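> Build out the structure end to end from the sequences listed, making use of the hints.
Protein chains: 4
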Amino acid sequence: MTKKREPVEYGSYLGLEKILNSQQCESAKFGEPAHDETLFIIIHQTYELWFKQILHELESVLQMFRNDYVDEKRIGTAVSRIGRVVEIQKVLIDQIRILETMTPLDFLEFRNFLTPASGFQSLQFRILEIKLGLKTDDRIRYSQQAYHQMFPDKSREMLHAAEAESSLFELLESWLERIPFLNMPDFNFGSVYRSAVEKLLEQERAAILEAGVTAEEETHRLKMVHATEKHFHSIFEPDAHNQLINEGRRRLSYDATMAGLLIHLYRDQPILHLPFRLLNLIVDMDELLSTWRYRHALMVLRMIGRKTGTGGSSGYNYLKSTAESHRVFADLFNLSTFLVPRSLLPDLPEKVQRNLGFYFSANDE
Amino acid sequence: MTKKREPVEYGSYLGLEKILNSQQCESAKFGEPAHDETLFIIIHQTYELWFKQILHELESVLQMFRNDYVDEKRIGTAVSRIGRVVEIQKVLIDQIRILETMTPLDFLEFRNFLTPASGFQSLQFRILEIKLGLKTDDRIRYSQQAYHQMFPDKSREMLHAAEAESSLFELLESWLERIPFLNMPDFNFGSVYRSAVEKLLEQERAAILEAGVTAEEETHRLKMVHATEKHFHSIFEPDAHNQLINEGRRRLSYDATMAGLLIHLYRDQPILHLPFRLLNLIVDMDELLSTWRYRHALMVLRMIGRKTGTGGSSGYNYLKSTAESHRVFADLFNLSTFLVPRSLLPDLPEKVQRNLGFYFSANDE
Amino acid sequence: MTKKREPVEYGSYLGLEKILNSQQCESAKFGEPAHDETLFIIIHQTYELWFKQILHELESVLQMFRNDYVDEKRIGTAVSRIGRVVEIQKVLIDQIRILETMTPLDFLEFRNFLTPASGFQSLQFRILEIKLGLKTDDRIRYSQQAYHQMFPDKSREMLHAAEAESSLFELLESWLERIPFLNMPDFNFGSVYRSAVEKLLEQERAAILEAGVTAEEETHRLKMVHATEKHFHSIFEPDAHNQLINEGRRRLSYDATMAGLLIHLYRDQPILHLPFRLLNLIVDMDELLSTWRYRHALMVLRMIGRKTGTGGSSGYNYLKSTAESHRVFADLFNLSTFLVPRSLLPDLPEKVQRNLGFYFSANDE
Amino acid sequence: MTKKREPVEYGSYLGLEKILNSQQCESAKFGEPAHDETLFIIIHQTYELWFKQILHELESVLQMFRNDYVDEKRIGTAVSRIGRVVEIQKVLIDQIRILETMTPLDFLEFRNFLTPASGFQSLQFRILEIKLGLKTDDRIRYSQQAYHQMFPDKSREMLHAAEAESSLFELLESWLERIPFLNMPDFNFGSVYRSAVEKLLEQERAAILEAGVTAEEETHRLKMVHATEKHFHSIFEPDAHNQLINEGRRRLSYDATMAGLLIHLYRDQPILHLPFRLLNLIVDMDELLSTWRYRHALMVLRMIGRKTGTGGSSGYNYLKSTAESHRVFADLFNLSTFLVPRSLLPDLPEKVQRNLGFYFSANDE
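Note that the protein sequences, when read in sequence, are chains F, G, H and L.
Here this note's numbering is used: the first residue of the first sequence is 1, the next is one more, and so on.
Here this note's numbering is used: the first residue of the second sequence is 366, the next is one more, and so on.
Here this note's numbering is used: the first residue of the third sequence is 731, the next is one more, and so on.
Here this note's numbering is used: the first residue of the fourth sequence is 1096, the next is one more, and so on.
Note that these hints are calculated values from the structure, not bench results.
Model, not experiment: these values are computed from the prediction.
Be aware that a few hints might be false.
[To be verified] In silico lysine to any residue, SDA-like type, Cα no more than 25 Å apart, as pairs:
| id | chain 1 | residue 1 | chain 2 | residue 2 |
| --- | --- | --- | --- | --- |
| 1 | H | K929 | L | F1125 |
| 2 | G | K438 | G | L721 |
| 3 | G | K455 | L | F1125 |
| 4 | L | K1185 | G | I458 |
| 5 | H | K803 | G | L721 |
| 6 | L | K1147 | G | I458 |
| 7 | G | K383 | L | F1220 |
| 8 | L | K1147 | G | A393 |
| 9 | F | K52 | F | Y147 |
| 10 | H | K759 | H | L844 |
| 11 | H | K953 | G | E371 |
Pasting the structure below:
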């Protein structure tokens, strides 16, 4: 800390003069002040402030993963920062309840003054989606236009710039691909995993045959195990996996997928513990974003029914469909499809365990 | 209070001996105790306890509305009890986070022991859906069977009995139909409302024409207003509304819909205020139930991926689709489509206002 | 709506240019940018935005109650607006979790740059306390100065102006005192209530004598009933009540207290239902404010331990003691002390009931 | 999994027959059924179920720490399980809102039937407090009796048995004392830390002198720094620390305290990261327990006012004072008092860093 500085005052430090004077109600401008427009403005402002914070955290995490080599010490920091994003998201969802204290009729008192402004024009939210890894081609078409068209020139440039950078999805994928434990001298994860799956399917079939259900039910369930087996096919055969990617049914590369499985299955190894927490938190983040979209859609439905949104969108239907379609990390959820009970997996060879542990450990003393 | 009674003891009052000894882990029976199975059992037990409480509240509300005449004094009680259901639902949603501290891999350690038990077999939850008004024919087909088949005989009888009774949807509909303010000597709500809508559409068209957007955008928006106008058609013409009912696109009767609109638009009249709160809370309840279903589906996806559920269901897809399809009170959300700003509506005639106010009022003294 | 207006754009409507550029980190100015300072700024900005919203709601409610005559139609609006404040408060509490993702050590990286700014200088929060009814003399001394001294001149004037106006406490008290049902021709609430209390105490004593506890325990409990009886004394004797007010142990006037009891005990009368909800929501608001203060104190404790706050306060101890001492509506909580089971109260005379009901009622048809 | 087993059915797996038939309302037994008693019973049952779950997690963590040597692999598991307890606690707090939908008057309808049962008699909650580390002598006296007297013989034995075992506090303390990094050949944490503190205090004094505040304010702040310095005295001198322990103002041993500081200050070292998370989660747990106690006290106050509790306790005052006094891990909060910015600390010597990192690291390849 350098020595000379002015005493800091609460209000000016926080820029309150600007922030607390930025609620200009359109309804008041037209001589019909609507009490609830203030709420409408303020809640959107808090959303935008939180989006800024999420982008701040996300950008710092992206920065860490942009290097070829990710220092293990930083994984803990990444875990903390994604953890913070998750806490923010919970508040974003809970805040919806505040807006819902505004009734549809109260909204109608000023809604027409807002045309054609729309939440769709939140630049920060679009950039957030891009930084997570949402690709333009995967976006649901909205109002029959390419989504960039909704933004003024300067913002459009920012969107293009964000699209040109690597996203969290891509950086995470490369990091997973580089994890060096998939194939070690004494331990081939691929073959260990494959024989565990084979044991599992055998057990499931046996269980169904002995479940004592009706013949019809038995056939039904055996078919489902067969379907499961087919699913597994793609995890044994890189080509099958790549085929799914080509068809747009998978996105995460084969090697990254295998690394994700390894991390889940051997998460208790000290070196894999924080990577496991990271994957888990990214799933939390994806889940909460999807939940927010769904809740948001329902809120819009109760607020304006099936009317057109102020920005001209088809409102509810558009928002609801993004809840599922705009999920970027669906493949991390899908990892669960391929997990097998750890009891089916061998312990790691002593030497490998040493490699995945700490240099120093209390029992070495 | 009668005079003689035994002193009550906390543990026996709450039946703790039974309740705290009802966690029998299947994994332990088979000699492979899984730490997390206790959580799995206990969280389901708390869900069932809360379902019981919701049914208790719901049944008491149904009872009130079963009478031809609903005492105004009871509306406040109904509002409080649905309000309590809403608070319980928030906890049901928040609880999901607890279950998500169990990882997919931890679940795998005991999942196979549970076949073919499934949350689908929660009798209380099915009865809850029925009491709200979900009809068997509107249920999403699950595991290719009529849903009753999933239950043992005794439970099936209880389901049929519940189906034979009037649901909240039906009782609410009749109550709305009976509300006596739709057509009073000095006030015909239908025609008052219609002319308000006409003014509104005229204003919206004017606003678009003066918005200064591109010709293409203008055309697009005018089309949307036209679509809105068409929507309104059904609210002016009972036959059009009934046609929508026949097509399965509406469920709430024409008169009940009009009464719902009236309650929204004149909610500040003392006599309509609690009915308004009641409608609003039922929308809350529907929204929270839908949110719970959606969150539950995501949780299942992260837990088992695309595998078959223990009960043989297709898991995630089934659960996700119920989030929208099993919403009973969608028509109450849709009311918002038909609202118009109160500024377009006339004040009530003095005499009608007196009818909707209190006998006693401070300024009469 | 007047006809000519510019199309509204999302970003400029919300003032985002100003809002999203108001995060000026002190640590960066001194060349030691601390990642977490952005969070610290943004969370305080969202708090201030929400304080603005709460003040907006509160001011509108105060406005309604400033009239001698409060239109019954407005009570519903007041209930909705206090209800909104309550929803905001829940988010204010939940937000603390976000700040707690910043560890004490992360805070240390920029804490020294902030001296002597302090959350104590939040002008809006002080005004909020004043508008609720916190009196300067009841404030806990902080940093050994009159609290106005912490503020610059202009702010100090605003504090004095707020103190000069009637607070929610005072307006609510007058409104309760004016409620016209305490003493009606056919119904004297005071005497009806008194005989109910007498029956109650008699029952409680009988219950203890028959509870079969040890002599020592019995004596202990009887003493407690005796203490309860003494409590009731103040509610029968206005002088005793006023004595408590003089001693600073009560604040709400005798008549207002009696009106509060009446509202609780006869809340099912349509005309009293919304007043009951209003009182209940004010209790919610007080409880949530106290909870927020307590949570905030714990958060400060974990963040800086027993160190001095940046503004020079004694931190935790100061904050913790405001949780209880700065509660304005404690007397509304205390009403519960004086409630008696409704079974001990007579039904209202037919004529009085008509006075408290609606002119129009379905069974009059 | 052994091969033969009966198909599991949802209801019997969860023991629903017992659980859903354990709501025996006392009010109904006496012919005066109170609608809300069901809620009162069910919410307490869910609390007890969650207490059971918390005890299950806590016991498994205690088990890990009972060994002289705590396998590093298990720390991740301990972190997850305490993390789960924290999620449960959030629900315990949120649930209070459900109970608060019961009004004081509704409670009065059945409250007298419950005498002398009291939440104080929750055996599981007492055991939970004991397992965390609350000592009998530190308990606030309640109803003028030793707390064991409230329980029947069998329960009293269980309390004594729990008291005879090591608590989480004690096991955590020993584990911290055994952490082998406090004094390593190339790194003496004690002296490194001491010189950092000295630099810090020097800086703080300098900052005050240059803050340009009034002389009075300056003196005030310098006194506070002096007080801080005195605080630090205890952390430099084991004897001073032990003196505080003797006076009952500290509980955590000197060595454990120093280890806690080390873990905070060097948390980014891979081997210290999970221990840091563990300490942080225990602070969360303590904070949430305290918050729950405070909220619970407020809820009781609004429910029964200043009346005696059903069990004869002084209700609100007792509960409120436990919020602070029964905090077991206050010393972990206090660690923040002794933290210094990491910029004042030296990097660890290369060799020490290798000891605290992983054997295997990507850049070693």
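> Each of the hints needs a verdict: does it hold here or not?
Status of each hint after checking the structure:
Taking the CA atoms of K929/H and F1125/L, the gap is about 18 Å. The hint holds against a cut of 25 Å. Taking the CA atoms of K438/G and L721/G, the gap is about 15 Å. The hint holds against a cut of 25 Å. The straight-line distance between the Cα atoms of K455/G and F1125/L is roughly 34 Å, outside the 25 Å bound, and the hint therefore fails. For the hint linking K1185/L to I458/G, the alpha-carbon distance of about 12 Å falls within 25 Å, and the restraint holds.
With a C-alpha separation of about 11 Å, the suggested pair K803/H and L721/G falls inside the 25 Å cut-off, and the hint holds. Restraint check: the Cα-Cα separation between K1147/L and I458/G comes to about 21 Å, which is no more than 25 Å; the hinted pair holds. Proximity of K383/G to F1220/L is assessed by CA-CA distance (about 18 Å); at most 25 Å being required, the pair is judged to hold. Using a Cα cut-off of 25 Å, the hinted pair K1147/L and A393/G holds, with the two alpha carbons roughly 17 Å apart.
A distance of roughly 21 Å separates the Cα atoms of K52/F and Y147/F; the hinted pair therefore holds under the 25 Å criterion. For the hint pairing K759/H with L844/H, the CA-to-CA distance comes to about 12 Å; that is within 25 Å, so the pair holds. The hinted pair formed by K953/H and E371/G meets the criterion: a straight-line CA distance of about 22 Å does not exceed 25 Å.
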